[in-house]
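*Asks:* Now for the letters of each chain:
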Amino acid sequence: MSNVSVSGVEGEERDDFTTGESKQIRARSLKLLSSLVRPLKGKIALTLVVVVISTLAQVAGPALIAIGIDRGLPALLKLDWMPLSLTVVAYLVTAVVGASLIAWYTILTARISQAILIDLRKRVFLQTQNLSLDFHESYTSGRIISRQTSDLDAIRELLDSGLNQLVQGALYMVFIAAAMFSLDWVSGVVLFIALVPLWFLTRWFQRRSQKLFRQSRVASARLIVQFVETMTGIRAVKAFRKEKRNEEEFGELVEDYRDVNGRVIQLFGIFDPGLVLIGNVTLAVVLLVGGLRVAEGQVAIGALLAVLLYTRQFFAPAQEMAMFYNSYQSAAAALEKISGVLEEKPTVADPTRPIDLWQAKGHVVFDDVTFAYNEDRVVLPSFSLDMPAGQTIALVGSTGAGKSTLAKLMSRFYDPTIGTVSLDDVDLRRLHPKDLRRAIVMVTQEAYLFSGTVADNIALGKPDATREEIVRAAKAVGAHDFIQTLPGGYDTDVNKRGGRVSAGQRQLLSFARAFLADPVVLILDEATASLDIPSERLVQEGLQTLLSDRTAIIIAHRLSTVAIADRVLVMEHGKIVEDGTPGDLIAGTGRFAQLHAAWRESLV
Amino acid sequence: MSSSPPTPGIPPTEPSASPEAEPKRQGTFRALARLYPYAKPALPRIYLGMVSALIAGVVALLIPQVLRQLVDGPLQTGDSAQIWPAFFVVLGLGVLEAIMIALRRWFVLAPGTHIEARMRNGLYAQLQDLPVSFHDRWPSGQLLSRAVSDLNLIRRWISFGLVLLVVNIVTIFVGFVFLVNISWELGVLFMVCSIPLWIYGYLFESKYSVVARRSQDQAGDLATTVEESVHGIRVLKAFGRGKYALENFAVQAEDLRGTEIEKAKAIAGIWLWLVLVPDVTFALSLLGGVWLAAQGQITAGELVAFFATATVLRFPVESIGFLLSMTYDARTAVDRFFEVLDTENTIKDPERPKTITDPKGKLVFDDVHFRYQDAALTNPDLVDGVELTLEPGETMALVGLTGSGKSTLTALTTRMYDVTGGAITLDGIDIRDLTRVELRAHIAMAFEDAILFSATVRENVLLGRPEATEADLAEALEIAQAAFVYDLPMGLDTKIGEEGLSLSGGQRQRLALARAVAAKPSVLVLDDPLSALDVDTESLVTEALRRSLSTTTALIVAHRPSTVMLADRVALMENGRITAVGTHSGLLESNDHYRFVISSLEDELKRERTEAAR
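In order, the protein sequence lines correspond to chains U and F.
If you're matching positions, the first sequence starts at 1130 in the working numbering and goes up one per residue.
If you're matching positions, the second sequence starts at 54 in the working numbering and goes up one per residue.
In case anyone wonders, no lab produced these hints; they're calculated from the structure.
Do not rely on the hints blindly, as some may be mistaken.
What the hints assert, rightly or not - Listed next, the in silico DSSO-like pairs over lysine-lysine satisfying Cα-Cα at most 30 Å (straight line): (1) F/K401 x U/K1172; (2) U/K1170 x U/K1251; (3) U/K1373 x F/K548; (4) U/K1704 x F/K548; (5) U/K1591 x U/K1604; (6) F/K93 x U/K1373; (7) U/K1373 x F/K415; (8) U/K1373 x U/K1152; (9) U/K1160 x U/K1340; (10) U/K1474 x F/K401; (11) F/K573 x F/K401; (12) U/K1373 x U/K1251.
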């Protein structure tokens, strides 16, 4: 276990951390927490003041009753209304002040809690966007979603009620203890003795619950992963009759989650009555001690009543603090997971001192690049390529030759293991991300559509595009006609995962996206695979004008695309084996000539 | 109370939070009563829990009665020997209260979690059963928030909210009785003063439940956006739109924040009254109590007991506020849950299913029509009277332009959608007369998008036939030219990422193809299965498929001549109709549209000639 790390999301599913690991995780959670809380210092201070005053007002109650009985009653017997009236008025004032302040701080805490939540939500969202693809390839979307939903729910619960409970509860206890000491110090001492078992009980609860809450976070994440995958892949689930098996699998996950939840509640089910027990025993003892002293005439009856009321009230917030502690433990476990995601470093990081490139020309160079997923899987052993600005290159080769890797390196989805990829002599790793994305755009085979309208989806290429620009882009790639036939034209909602738009149509839309983005370097990775031949022909015509003044690399299995290229590269096992104009290569006897002949065969 | 809430303020481009028509709003009680079937087995324990809680509440109320005796008896007389019994009684009652609280928690613990689990499994089963058209409409973030957050809420309400609500209200009434018993004047005063609370609590519902619903819907939308931002991560990265996506997300998150603050304001309102009213009551009771004591109408012990009792009652009274808001939250969650559960499944198994004992694989489309329910009336049917017969063992290619209805037609064969006119028969039996499980065992599909799950390669390929042998698996992989899986780090047991993220498009497609083949169906429906394959691999797959398809009926959507070559016959689809059926070469000769759709050779030759001339 000693070599296992817990940094980032590693070891996320474990719950058996060593002391050192726990410390490390707690440290990063606390760091995150303090960074969330820091900008809200002012608001928190205000809330604290409000809570203190409102609690003071509430604590005053029993003391005023004691005064009313011990002083007001004898005075009234002498027909003196003054002391009683004053006490009652004072009580009314504290009631109004206390209640209004409680209402106020309910809103104040909601603002604080929502501010923290939105901050955290945005951070996780941004981090998700910043993390590199290799992270997403191993960390399923369901887990990200569970971080953003159920984990945040847990934190929210703490912030919403917990903060009040903690502050108010603690204050209550301090004030009440103080009030008790001033009324009757002996009872105060009894109360202090009661704190000892209280401390032990709380410590026991903390130890036991921490582990369970961690398990609960893991169980809920697993549940969410299964749920999201089922809903996303519902067609395959149905087509292959996975429903029954899924129900069993999901049922087990539900049971795991239920079980761990049950054990958490059970723990709390001991903790909470435990607190009540301590409180009630204390009450009995205070009554005994106080009663004996009243009998001896050392304490007034009103004071005894006040002390008893205080004892009762002292343990009421103790229960609230228990609730707080419960949600705190749950939120802490959630924060651990979230801080893990936030701690992940993108392997493809933004440059610290970016170089601007306002006007890119499109000169791309691979300088002795090696790329390997790990030691055993070297995809590109040593690769060099010079792409002059404006050149259209077709990249062919069998599956696994490294074509897509090349495209991913060019668009900086990955960084080379050794060597550099540069645009206009600037290393991509040092280029300003904004300039990089403006200059280089990749269109891939699978064209994801976001919920929203067709126009929204095209506009992703240029968020501030006008409708005219969007339509022009759609026309240029031949998507306009089918968009016109949709029920709402450009304003048609594409629905979940583009349910009603065929794969070919989605590809046309993603082409329109790229067209609208108007990059200097365009990478097409199997971007026409799902198109029918007439559409592909249209796209190619569009491409010829589109690509005339920009650098382009086209990866396509259909060699028809090759015709519009200035240069053809044939790749095998991560190396370029042929390099030349299409005409030269077809005329030759090499690999490309063979491929081309085979492809011609396949057309008839 | 029964007026329908205004539509949540969702931006027009966002999917509606709940695409179903807003159900008529019922009273909170009736809405929550729908939980009964799920809660029924647990009810005895819940009742026992309530009883325990009630005993605990009454015990807490008895303690002041002891105080009363004590103050009026031994304390007046100074008889300290009498204090000891009182101490033991209070101690005993205190211990009893703790035990009862423990019992309440123990009683309601198990049922609460079981109800939650039962509802979650029920929701999941229903969602898997509902047709694809439902999932087209409902973003999965909305479904997820129902399955997780909403059900959590319901569980907490049942085991905590419901029990305490009932018990606290009863406790309050019992407490009143005690108060009246101590002094009827003070008791009546206390009761009259708390009337505003009940009125406010009632008014609170209408204010609060609308906001509660909106907040839960917005949380679901937010989950949808998160999900899409992860699934579409590559597009967002390719265009560098991470920040842009964040802005959209932030807008939605801000909306949710606004709603939450509105909710907090409503809660603050009820808190104000719940704290103020008892405090004012206390002040007035102090005035009245001391005056009554001065008049000699009540004893000091009664005064002490009155305030001690009133203090015990404070928690139940104050708790009504959050218990009410919790109840309304739970009610909203129940509404959202049943919105899904009440959705009628339009694609169901027949009541008396037929079965095919000896499947041959004859697939007939008989005047098949299909249109989406929400399509405009002026639009023609998407599938508009398809007549097509696939003989057993025959391979039929389906060719047509993008949007001509090919994919829709293939989706109809396994009842992903149901035909809206005509019928599809398999071996002479209408597919709607078969159970869905049987139908889908006879017909296997590979989709345009290869849908893979985060499971091992083996599990993914054997999705349709988990009981298949190693040899079957190897054969399917061989046919689909998916031997690359043996080179993965753990071979067939490598866990591939969700949606096969770490695999290339061609690799994913081959796994999806292998999956359809491994299911050994009598009819294979393949929707453009080879589009992402390179020429070499494609010809190998074609070769292998031709061998294995000799006994299997197959319907293959194709864009490429090379794929069409697999087929015995070709059907040409145009605007939702089959306009021609024939062999590839026959259609090439006789049909202009077919030549237009399938042939790019002419074009190629022309281009090459011009290139050569240049």
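*Asks:* For every hint, state whether the structure bears it out.
*Replies:* Results of checking the hints against the structure:
{"no.": "1", "hint": "F/K401 x U/K1172", "verdict": "56 Å, violated"}
{"no.": "2", "hint": "U/K1170 x U/K1251", "verdict": "20 Å, holds"}
{"no.": "3", "hint": "U/K1373 x F/K548", "verdict": "22 Å, holds"}
{"no.": "4", "hint": "U/K1704 x F/K548", "verdict": "29 Å, holds"}
{"no.": "5", "hint": "U/K1591 x U/K1604", "verdict": "16 Å, holds"}
{"no.": "6", "hint": "F/K93 x U/K1373", "verdict": "25 Å, holds"}
{"no.": "7", "hint": "U/K1373 x F/K415", "verdict": "28 Å, holds"}
{"no.": "8", "hint": "U/K1373 x U/K1152", "verdict": "43 Å, violated"}
{"no.": "9", "hint": "U/K1160 x U/K1340", "verdict": "21 Å, holds"}
{"no.": "10", "hint": "U/K1474 x F/K401", "verdict": "49 Å, violated"}
{"no.": "11", "hint": "F/K573 x F/K401", "verdict": "24 Å, holds"}
{"no.": "12", "hint": "U/K1373 x U/K1251", "verdict": "38 Å, violated"}
Of the numbered hints stated above, those contradicted by the structure are hints 1, 8, 10, 12, listed in ascending order.
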